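Top line first, the protein sequences correspond to chains A and B. First residue of the first sequence: 510, per my numbering; consecutive thereafter. First residue of the second sequence: 141, per my numbering; consecutive thereafter.
Hints are computed from structural coordinates only; laboratory data are not their basis. Misleading hints may appear alongside valid ones.
[To be verified] Partial selection, computed: residues in chain A whose CB lies under 8 Å from chain B: (1) 533; (2) 535; (3) 573.
These figures come from a predicted structure and were not determined experimentally. Built from N, CA and C at the ideal position, the CB exists for glycine as well.
The chain contents come next:
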Amino acid sequence: MQTTDAATVSRARAGDSDAFRLLVEQHSRPVFRVAYRMTGNEHDADDVVQETFLRVYRQLDRFQERANFGTWLHRIAINCALDLLRSRGRIDRHYGGDPEEAEMTGAASTDPQQDRLLLSAELRDQVAAAMERLSGNERTAFVLRHFEGMPVEEIGKTLGIQVNAAKHTIFRAVRKLRESLEPFVRSSTCNI
Amino acid sequence: MQHLTEQELVLHHYHDEDSPAAVTQHLAACDVCRAEYGSIQKVLALVDEMPVPERAGGYGEQVWSRLRWKLGSTRRRKTWRSALAAAAVLAIAFFAGQWWNARSGERRPSAVLTSTGQPGAAALHNTPATQNRILFVVVTDHLDSTERMLLQVANADAKLGLDLTSERGRAEELVASNRIYRQTAEQRGDDRLASVLSDLEPVLQEIAHLDGKLSPDEAASLQKRIDSKGLLFKVRVISAQTSGQETSPAAPPQKGMTSL
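Same shape as in the complex, but just chain B:
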């Protein structure tokens, strides 16, 4: 009598064989194959001993609560692209305004140049109030999104390492928009905002260029950099200032004040 192969017995266990009746018939008549089959069943029963930790009924809610803000950032990607385009348009409009004023200044120097020979405030806030408010909205949104990313890093348990690979795309977008806002702030003489955005840029760039999961040491080092520069605090303060100006009428910008 030709015995069944080990593969045939395994397939029989899972009911995956081509002719189950023939295998069943053979097993009924063959002690050797029956013993072999019994041995396979015992091993597989032992594998069943492997327990799976039960998750409580509220597990789905926990997953959702951790997931929801990440989904928000995913959903807002298209918005971010639009915001970037809007910021670019506003920057172009700003530079065009400056160029126009400079040309006007060539014709009427006394009207726009201060006694020190520097361009006066009138040349710097040539954009309409509505344009300023749009800019406040996008900058506040940018700071809000940046704060969430920094919080995710700051609140992570560094001992477990940190996987930010899913955040790289968002970080890249933040780097791009951060650069535009920083340059615009510098052009407008808003040193305070420009300085905070300048501090944020290297951290965002680091997250954008991460290659795989951070080791516990690397995660701790990133957290330390965020902490040592007080980035979260600065972002919150500047964010509060810009969001306060979203709705207020445009005021003439002053050196060192958040005027964007």
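Only chain A is shown next, with the shape it has when bound in the complex:
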């Protein structure tokens, strides 16, 4: 734990609301990033950020001071995001989903620069769709390893699985992503 975090958490646990405010202000953006990558939706990510800090506040007494606050916070954020995804039954589109943008993507264009933008939007949709095909565990393990650089041991702890199972989960995620995106990689390589 960073020294500043340790001292601030200690003050927050003692009921100092300014200290908790400091933690919220320092950690909101990283929590938003992980929440967005897991949910793929800005509004949902904002909700996850709120819910995360609410849970953190309620569970501050349970936080062990020797632990890393950032890691603990991340776990809570991930659990909040997973709860939200589960509550939706994965019905909503997690990535992309802006109808106006989808319309734009389908529009014809003769401008090369606009074509590139449209291709970029299409790429994003492809990645979005590919991410959506991952299960909750696969999405979490992949996001934590690929984007957050979390060690597999830590991912195993977060998901409550063995290290080898965590490695296999990440592999399954990558394989699914390859199945979805490899044809697109070839076409984009030709076009760009």
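Since the structure of chain A is provided, determine the placement of chain B on it from the hints.
Structure of chain B alone, referenced to chain A:
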């Protein structure tokens, strides 16, 4: 030559393999595995194209401003339990006082019964002024907390649905305390307060028993019920009256006036 498996290549990408030197050595010598590895890297690079919207430097402050009153309600849960206990004690004291007066009345009927045969004002405001002021404080606090919850519902964008699951616990506490205050108000003949608390109870109960997020239609329906009964307005008016009496000396309660 035995080629590397897809899993070994993925693990190599993330430096999670058991023997990285052997994999590196194989890749240097094997075109097939190198091509496969390159393909994995391209796909993962494509995933990196997924942009994350940047939040401005003041994002943390925005989160805090939305969060702070919720934290207040969390912190006040213990206070609410104490308030409930206090209200219960005061209610018991009130009923005990009434019972005592009724017994006294049996001995001295002319002293406490009015000409109509109903218990007189003296029987209704038997509690000391300090007890009244304590009650004003807890009722005002209750109304204040209820108003915040109603505002949260009323100000929400119904089109997005409404998630009040985190508020269920607080709503349950409000239902419990609301019931006590309503019964006490009825006993004391404070019809106006009793009526407002009676209107609040079904809405609070609905929030307390919510099972998951409200759909846009359900959220709009709840907002409509709050709006149609003018609940927010009533709560504000009654709250202003009770908070005004927190500090004023206890006056004899009159029928139809907020006297609690």
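Hint check results:
The restraint placing residue 533(A) at the interface with chain B holds, with a minimum CB-CB distance near 5 Å, inside the 8 Å limit. For residue 535(A), the interface hint holds, the least distance from its beta-carbon to any beta-carbon of chain B being 7 Å, beneath 8 Å. The closest approach between the C-beta of residue 573(A) and any C-beta of chain B is roughly 21 Å, which is over the 8 Å cut-off, so the hint fails.
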